[in-house]
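Asker: First to last, the protein sequences are chains A and B.
Position one of the first sequence corresponds to residue 1 (our numbering), numbered consecutively onward.
Position one of the second sequence corresponds to residue 1 (our numbering), numbered consecutively onward.
Some hints here could point you the wrong way.
Calculated cross-link-like contacts (lysine to aspartate or glutamate; reagent style EDC-like; alpha-carbon spacing at most 20 Å) [what the hints assert, rightly or not]:
| no. | chain 1 | residue 1 | chain 2 | residue 2 |
| --- | --- | --- | --- | --- |
| 1 | B | K562 | A | D325 |
| 2 | B | K553 | A | E246 |
| 3 | B | K562 | A | D22 |
| 4 | B | K526 | A | E212 |
| 5 | B | K564 | A | E194 |
| 6 | A | K331 | B | D305 |
Some chain A residues near chain B, calculated using beta-carbon distances under 7 Å [to be verified]:
| no. | residue |
| --- | --- |
| 7 | Y188 |
| 8 | L207 |
| 9 | P209 |
| 10 | E212 |
| 11 | K216 |
| 12 | L220 |
| 13 | S237 |
| 14 | Y253 |
| 15 | I257 |
| 16 | R274 |
| 17 | W275 |
Reference listing, derived: stretches of chain A covered by chain B, where coverage requires no fewer than 3 residues with Cβ under 8 Å from a Cβ of chain B [said to hold, decoys possible]:
| no. | segment |
| --- | --- |
| 18 | 30–44 |
| 19 | 71–85 |
| 20 | 102–108 |
| 21 | 358–371 |
The hints are simulated quantities; they were obtained by calculation from the structure and are not laboratory data.
Glycine residues also receive a C-beta, built at the ideal position from the N, C-alpha and C atoms.
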Amino acid sequence: MSSNPGLYVHVPFCKTKCPYCDFYSITDLSLMDAWLKALKHEAAIYRDEFSAFDSLYLGGGTPSLLSYQQMETLKDILRTHFDFTPDVEITIEVNPDDMTREKLKFLESMGVNRISIGVQSFNDEVLTFLKRRHTASVAEKAIDLIRLCGFSNFGIDLMYGIPGQTEDCWLETLRCALAFQPAHLSCYQFTLEERTPYGRLKAEGKLHPAGECEEKRFFLSTSDFLKSKGFIHYEVSNFAKTQKRESRHNKKYWQHIPYLGLGPAAHSFKNGMRWWNHRSVERYCQALTAGEKPVEASETLSPEQLRLERLFLGFRTKGGVPLDDVSGNPKYDSTLSRLKQSRHVTVRKNRIIPTQKGYLIADRLPLMFFD
Amino acid sequence: MKQIRNFSIIAHIDHGKSTLADRLIQYAHLVDDRQFRDQILDTMDIERERGITIKSQTVNLPYTSKDGNEFELNLIDTPGHVDFSYEVSRALASCEGVLLLVDASQGVEAQTLANLYAAMENNLVIIPVINKIDLPSADIDRVKDEIEHELGLDAESALLCSAKEGTGIEDIFEAIVERIPPPSGNTENPLTALIFDAQYDSFRGTIVSCRVFDGVVHPGDTIRLMAMGSTHKVEEVGIFRLKMEPEKELSAGEVGYIIASIKTVSDTRIGDTITLDTNPAARLLPGFKEVKPVVFSSIYPIASDDYHSLADALEKYKLNDAALVYQKDSSAALGHGFRCGFLGLLHLEIVQERLEREFDQSIIMTSPSVQYRFLLSDGSTVIIDNPTYYPDPTEIEKSYEPYIRASIMIPERYVGLVIKLCMDRRGVNSHLNYPTAGRVEIAFDMPLAEVIFDFYDKLKSITQGYGSFDYEIIDYRESDLSKLDILVNGEKVDALSTIVHRDRARERAVNACEKLRDEIPRQQFKIAIQGAIGGKIISRSTITPFRKDVTAKCYGGDISRKRKLLEKQKKGKKRMKIVGSVEIPQSAFMAVLKTDNE
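Take the sequences, apply the hints, and build the full model.
Answerer: As structure tokens, then:
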């Protein structure tokens, strides 16, 4: 397993806001150049603090909104300040509505070797509900282009459990996705996040999340279906065609491998410390212009907190949790044997591995190993 | 000789006693205004949060009267809850007069009356004070009328004040020195001093608060606690001026503290008489009695390993609260713990909170119970305060439970609702009294078991806060009892058993199962809850398992957020006891007693 650090760049700009999304982004694109300038200052701060990165992830927001020139500048900034391994995985998140052959060629020339496309659904009614800017056919064309341009390592982001969506409708979307032979699929349970317009509708009782039984059904049919098509269910919401196609970058978050996050609202982790940047482009830029770190807050994790994180992150992935993390307490032993018996976990090579049934209640499992 | 006045403030709960005490202290300039904290006498966190006085505190207030005479006024604060009526009576026995505080909008309440009677028993001078006259709803004429007719006091002698705004305070001081007589007593007589409070300080040992009636006590004297029969050497005497100020002596008429080499507070009894070992008084001051617990519950450590730590904590706690009694207990479900006796449910809650906050204990308390008596077929009588030891039903000839006389004061419009509530709680022998127009005093004989839990809360809610409640235990009465057991996943959880009246058994069993369903957190497997009497299942409910509990996304920013959420849940888990494989929270042990059907 590689333990090289990962680099994340948050591009906090979108043409329009999707009402369910709680990632930080703004629609005032005039701030893009200021953001890029600030990012250069931030990169300089961390210049010598990380060894060579073997993953770079451009996330957002909508990174595919960057102009060619901005993209070049970004590349220069990262090249000048950081080292990358020769086999670095470079992922960019793209939206179907701004994909062109030219842009894809450009991305390839920039060294991008992995594309994650935010499709969410291949059903136009669902897309309208989600207020996406694309239709199913636009998404299909975009993916065709990605493949035409020679990107074999691409992933499709999808969502299920959307109000009004039936299980059949969801499985149809999955089938559409599989037709493109993606290397990777992220299938997220639709969630009504508090600080989003849809979250507020939920608070007002105007929008109802799916019930637990329904969620369970969606989850299991997704997992069963994709596994039958040869995918590895390597994290609660993530599936890869082969082990090599698992997201190298995202796995760093789940395995406590160091990562540096640049840009507003980005999180970083190193040596048991986590820090995160201001969730505001203005404050982010102001801090860096003033020569300060744009850090909103940081925390140093105690051994107990690290263990809790290892447990809850581990129970979400097929790598599971080291057996050492639950040993030394007879109560945990009996909890573990109960969970084995009920087939929520299995134990292999000194690790506790969640089963599909275990994934379903992954948030329940960690506290069973705390007094 | 010093001119002394000893007085107390008595009031119904929430009528502003603590606020008035604060104003008197502020007026006496014991602390500068900047340091002044509201409700300065209530030092414990819980007292502040709940706005009630649990332990009495005393303060010595210097005062120069309008005509230029210098006085020392001792304000003896009294606990403000019906659970502590004995402490109130001893504090009052240490005074010559009281300020009887009445809320200008609420008027006379049940506790006002109870307190007045206690003051009258001690032949105290009573100064009625109408407080909160600043309230828009204040109705001074009506309240004066109530003082005249319900309390039988001279309404013209009532003072008006607003403790909140600080008006009328000087008049109160003047009335204290004019109307309350100076203490009598003779310094030449043998020492008699009444203990009205005792506290434990880890540095100083036991600090006894007392009122000296006769004689003098100095550091170096050997004192004898007459009821206990123990002797101790006096290390320090002094007065309370928010902090302890040592004095050369305490003499007849004075109120202050004595620090002697008294190792534990349980060696001191509130109401005991202090005298000198070399020149003892002939007899105890009147009124001494041992306080008896009426509500019982077991305390268990959440983690069985913490048993010894809990034992230490209880021992230390008891130094500060002699009213708590406890002994070892054990439960098949919860392991080793302690059976404890409390003065009432409030006392129980206070002990629980203080053990957790001050002694850092993670504990579970089982459902509170009263003390039952059983006449067995072999002619013997057993007393049971723990359902676990319920006798073999085939051997029970007769069962008895304690009854109280409840006194409830309400505006007339609530009579129907309150009578229904009391009847629902097996109240009998009701008696209605109309002290003034529009107000009713309702008396009922009721089983203590029916009022210890949520009766007062219920009463307050149906009377929209206007109902007041006081009670005294009267006797034991024959009652048809049975033991309700609770099974969780087929396993009997002894700590959830309760003793119930047979007529109510089914209803209580259904209720308990429903409440437990709401209180016990869902787990990854199904949990069955059953109520049983004598092995026969009479109610059941099911807790559905978690079908799905996992968040979709977990990237950079989600990780800290998620961990914090789990840490919060982890804290909540600290209040749960694992029985078999089911986590049972503290609230479940209380929930089995809840009787509402909402």
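Asker: Compare the structure with each hint and give your call.
Answerer: Hint check results:
| no. | hint | in the structure |
| --- | --- | --- |
| 1 | B:K562 / A:D325 | holds, 19 Å |
| 2 | B:K553 / A:E246 | holds, 16 Å |
| 3 | B:K562 / A:D22 | holds, 15 Å |
| 4 | B:K526 / A:E212 | holds, 15 Å |
| 5 | B:K564 / A:E194 | holds, 16 Å |
| 6 | A:K331 / B:D305 | holds, 12 Å |
| 7 | Y188 | holds, 4 Å |
| 8 | L207 | violated, 17 Å |
| 9 | P209 | violated, 11 Å |
| 10 | E212 | holds, 5 Å |
| 11 | K216 | holds, 4 Å |
| 12 | L220 | violated, 9 Å |
| 13 | S237 | holds, 5 Å |
| 14 | Y253 | holds, 5 Å |
| 15 | I257 | violated, 12 Å |
| 16 | R274 | holds, 6 Å |
| 17 | W275 | violated, 10 Å |
| 18 | 30–44 | violated (count 0) |
| 19 | 71–85 | violated (count 0) |
| 20 | 102–108 | violated (count 0) |
| 21 | 358–371 | holds (count 10) |
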